[in-house]
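Mind the numbering: the sequence shown is residues 929 to 1400 in my numbering, read in order.
In short, the hints are calculated from the structure, not lab data. One should not assume that every hint holds.
[To be verified] Only pairs whose alpha carbons sit at most 25 Å apart, straight line, appear in this in silico SDA-like list of lysine to any residue: (1) 1260 with 948; (2) 1305 with 1355; (3) 1305 with 1317; (4) 1305 with 1351; (5) 1305 with 1362; (6) 1305 with 1294; (7) 1260 with 1039; (8) 1260 with 1030; (9) 1305 with 1360; (10) 1260 with 1185; (11) 1260 with 1057; (12) 1305 with 1241; (13) 1260 with 1394; (14) 1305 with 1248; (15) 1305 with 1260; (16) 1305 with 1014; (17) 1305 with 1277; (18) 1260 with 1248; (19) 1260 with 1043; (20) 1260 with 1293; (21) 1260 with 947; (22) 1305 with 1354; (23) 1305 with 1348; (24) 1260 with 993; (25) 1305 with 1200; (26) 1305 with 1363; (27) 1260 with 1053; (28) 1260 with 1241; (29) 1305 with 1344.
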Amino acid sequence: MGSREVLRDLPSIDRLLAVSGWDALPTLPHSVRVEACRVVVARAREAVLSAANQAGGQDLAAQSVNTEVLAAEAIAEGRLAVRPRIRRVINATGVVLHTNLGRSPLSTSAIAAITRVAGTYSNLEMNLETGARDSRHARLGASLARVLGCGDALVTNNNAAAVFLALSALAGDGAAVAVSRGELVEIGGSFRMPDIMRTSGAQLVEVGTTNRTRIDDYASALADGASLVVKVHRSNFEMVGFTEEVGIAALASLCREQDAVLLHDLGSGLLEASPQLREDSVTASLEAGADLVLFSGDKLLGGPQAGVVAGRADIVERLRVHPVMRLVRPGKLTLLALEATLLAWERDPCGGEIPASVLIQRTEQQLQQDAEELLEKVAALEVARAWQLEIVSVESTPGGGSSAAIRLPSRALSLCPRDGDEESLAGNLRAADPPIVGRIEGGRVLLDLRTLLPGDLDAIVESLAAMPLTTA
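The task is simple: from the sequences and hints, build the whole structure.
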């Protein structure tokens, strides 16, 4: 039988739609079913044409047009099409603020705040006492100012937006902005600080060298007409060796003398100094004299994706009334979650209600106990026969563009496949429900206990128990 004859045997879309297997998906829209059938038929057509040029191609081609097989593939395709794009994932990588995995998990109180209001109307921009329109920024700005001890604050939809807003409002008319060459960083996704600064309309003035910048370098730029100094936190790398940089206090003093504004792009959002992290804090920067401090909401603060601008009330007001503010303002769900996160920090300044903070503070003893429990449960599974299991000492990291040099001692469950194919094992773990994302190291897959949230340990066991032996 030639390929043309086989192609004539391809089932029609209507025939595939008529199989009983669709009954298990009663809510699946008809349009999704049709598209799924079209996809598998097109795939089968390509397989037939490809098989025609291979040895034994006729048998392969015949298999490609089997109605039952294609119907099963179409149903699977339909299920996949309506599965949520963003799903729960078990983070066993050891990177607490994993950018690819959504950075900081929200606290219970932040989730509750969203749940209470998301399905209802709200007083987002209404003063309930007067019935008049109100600012969505007013209450949260006051809360931030209270928590941080500054004059005022506002919120944008992310920290890059906060930087763009500040530069547009303070230097968008082409004013010169001084920044150290060693701080012209790439913040991820190929977005580079110099590009953001130039796009805002500011005139970038690079000072110092890549590894050494002194106070005199900034002074020269200010003497030449710069009106704004930007200090950028090197969030995702560390510079060591023959280096020198100027601290916030010295820069603040210089800027006051020259009537210039000092903007500190802190990024990571650590509110107070932490014994686990060698990281500049927001309050320390403000106390040292920074006019504006900018940071992310979804990093060490532990809230939703947002950018926070805190500092002098008169400068914050200039940003608030600038046209760019309208472009970068956050939605109500972001404001709800951020407000709840701030209240959680006020209730417990040690971060006991903030999941990311709790994970960072976990002790080796706690991690060892969890590792032993996980080992015992996994070892009892039939699928575990495919692996060599052991508990190993590893190092975790805060991640998320914070504390690049910090390593946190941790424990991991090592799964070493007896067939030696750790890449396939890692892929099968990601295909589990829920997906388990570990890391490959030394020919084995490591599941780092540092980043497991409450309930993840049992979910890992359940996912592994459901894995077919053929995929382990």
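Hint check results:
1. 1260 with 948: Roughly 44 Å between the alpha carbons, so the hint for residue 1260 and residue 948 is violated.
2. 1305 with 1355: holds, 22 Å
3. 1305 with 1317: Roughly 11 Å separates the two Cα atoms, so the pair holds.
4. 1305 with 1351: OK: residue 1305 and residue 1351 at ~23 Å, within 25 Å.
5. 1305 with 1362: holds, 17 Å
6. 1305 with 1294: holds, 17 Å
7. 1260 with 1039: holds, 13 Å
8. 1260 with 1030: Status holds; Cα separation ~19 Å.
9. 1305 with 1360: It holds: about 17 Å lies between the C-alpha atoms, which stays within 25 Å.
10. 1260 with 1185: violated, 40 Å
11. 1260 with 1057: Holds, at roughly 20 Å.
12. 1305 with 1241: violated, 56 Å
13. 1260 with 1394: Answer violated: residue 1260 to residue 1394 is near 39 Å, above 25 Å.
14. 1305 with 1248: Violated, at about 54 Å.
15. 1305 with 1260: Between residue 1305 and residue 1260 the Cα gap is close to 42 Å, so the pair fails against 25 Å, i.e. violated.
16. 1305 with 1014: violated, 29 Å
17. 1305 with 1277: violated, 36 Å
18. 1260 with 1248: holds, 17 Å
19. 1260 with 1043: holds, 12 Å
20. 1260 with 1293: violated, 40 Å
21. 1260 with 947: Violated, because 45 Å separates the two Cα atoms, which is more than 25 Å.
22. 1305 with 1354: holds, 19 Å
23. 1305 with 1348: holds, 23 Å
24. 1260 with 993: Not satisfied, since the Cα-Cα distance of roughly 51 Å exceeds 25 Å.
25. 1305 with 1200: violated, 39 Å
26. 1305 with 1363: Answer holds: residue 1305 to residue 1363 is near 18 Å, not above 25 Å.
27. 1260 with 1053: Holds - the C-alpha atoms of residue 1053 and residue 1260 are around 10 Å apart, at most 25 Å.
28. 1260 with 1241: holds, 23 Å
29. 1305 with 1344: The given pair, whose Cα atoms are some 16 Å apart, holds under the 25 Å limit.
The structure does not agree with the numbered hints 1, 10, 12, 13, 14, 15, 16, 17, 20, 21, 24, 25 stated previously, though it agrees with the rest.
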